[in-house]
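Number of protein chains: 2
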Amino acid sequence: MKAMEEKILAEGQVLPGHVLKVGDFLNYRIDTDFISECGKEVARLYEGTKIDKVLTVEASGIAIAFAVASALHVPMVYAKKQKTSNVSDDLYSASVHSYTHNTDNTVIVSRKHLSAGERILIVDDFLALGNALNGLISIVEQAGASVAGVAAAIEKGFQGGGDALRSAGIRVESLAIVEQMDENGIVFRK
Amino acid sequence: MKAMEEKILAEGQVLPGHVLKVGDFLNYRIDTDFISECGKEVARLYEGTKIDKVLTVEASGIAIAFAVASALHVPMVYAKKQKTSNVSDDLYSASVHSYTHNTDNTVIVSRKHLSAGERILIVDDFLALGNALNGLISIVEQAGASVAGVAAAIEKGFQGGGDALRSAGIRVESLAIVEQMDENGIVFRK
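Those protein sequences? They're chains V and B, same order as listed.
Sequential numbering of the first sequence, starting at 1136, is according to my numbering.
Sequential numbering of the second sequence, starting at 1136, is according to my numbering.
Be a bit skeptical, because a hint or two may be false.
Reference excerpt, derived from the structure (chain V facing chain B, CB under 8 Å, subset only) [unchecked claim]:
1) Val1154
2) Leu1155
3) Tyr1163
4) Arg1164
5) Thr1167
6) Ser1171
7) Ala1204
8) Val1212
9) Tyr1213
With a straight-line cut-off of 30 Å between C-alpha atoms, the simulated DSS-like cross-links for lysine-lysine are [unchecked claim]:
10) Lys1215/V to Lys1247/B
11) Lys1247/B to Lys1216/B
12) Lys1215/V to Lys1325/V
13) Lys1175/V to Lys1247/B
14) Lys1137/B to Lys1247/V
15) Lys1185/B to Lys1215/V
Distance ranges between label pairs, derived from CB positions [unchecked claim]:
16) Ser1233/B to Lys1156/V: 27 to 33 Å
17) Ser1230/V to Gly1304/B: 46 to 52 Å
18) Thr1238/B to Ala1145/V: 37 to 43 Å
No wet-lab data here; the hints were simulated from the structure.
Here a beta-carbon is modelled for each residue, glycine too, at the ideal position from N, C-alpha and C.
Isolated chain V, as found in the complex (with noise of 0.2 Å):
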């Protein structure tokens, strides 16, 4: 999506650490006509597909995610970070390193929201490593549900968590995916 990799270019910021800071309108502010046009591309990428629910992590996923429902007319699904792994039986749970702080956390879904049989069609703003998504892949499998697509505003391509869900089969669309990143600049993956 050439407004994505335009909007990284003119308002984000590359720090030390692999880190993309895109605060201004992905995360923290939003920019909701902006998002809203990146849920409807999402919807467009996944035309002809069967997707009953969108599922993302809270709480930077939750807004392009609704973004993304919307435009499908889905419900959407947010599973909640807890610190601790002690969890009911009321609940689908997955363990889920963070790079960025180096914790772990277990993220928990009721066991209501999710369906067998069901297509689930994953949302987040970020992929980099693939972690808190493979957290929800886990989570969807266990509810006996199955895995439409992956689809995530930015990812960072460097970091092959997206390449490593294409090799296992997932079809994943991201917004935009950025190759290679540092103090000269930012290069997109063709």
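Assemble the complex: chain V is given as a structure, and chain B must be docked to it using the hints.
Chain B only, in chain V's frame:
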């Protein structure tokens, strides 16, 4: 909003301790078409009022705030919650007591995401005692911005937070006001 009252009666669940569960359409699992309609209704109620930005707090406020901000075509900012009270210089912060979890959180917003002179609409899923909203109001004031109004999807009228804000001269619009709820049912404010 009649549709919100009907939705609460059809899908809400009253639990002991003044808990109203609406996790099947308002939080966790989000009925995107319905929440988009709620966003449009809030925008309609505030028609003619100058609003530069929508402010909410993660995580359950994000979806409804995104819907409101989309309908108003303004950006949306969400405050983050943190357990510690350590706050860096580039943040506005306020302490918020959670009645539900009996914990204190610090809510934070980057200084660059709110500007002096802006008119801010504060949006949240629930308005009960008003603790979270009062924290957001404090942050708006710290930024030298002003509160254009408050909007909540559901107000628990019997907990008094909304009426306290109204008494303080703040405009509050709630899409449904629960006056009373128990095992016998739910009574809305006329």
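Worksheet item: Of the hints stated earlier, which fail here?
Response: 1, 2, 12 and 15
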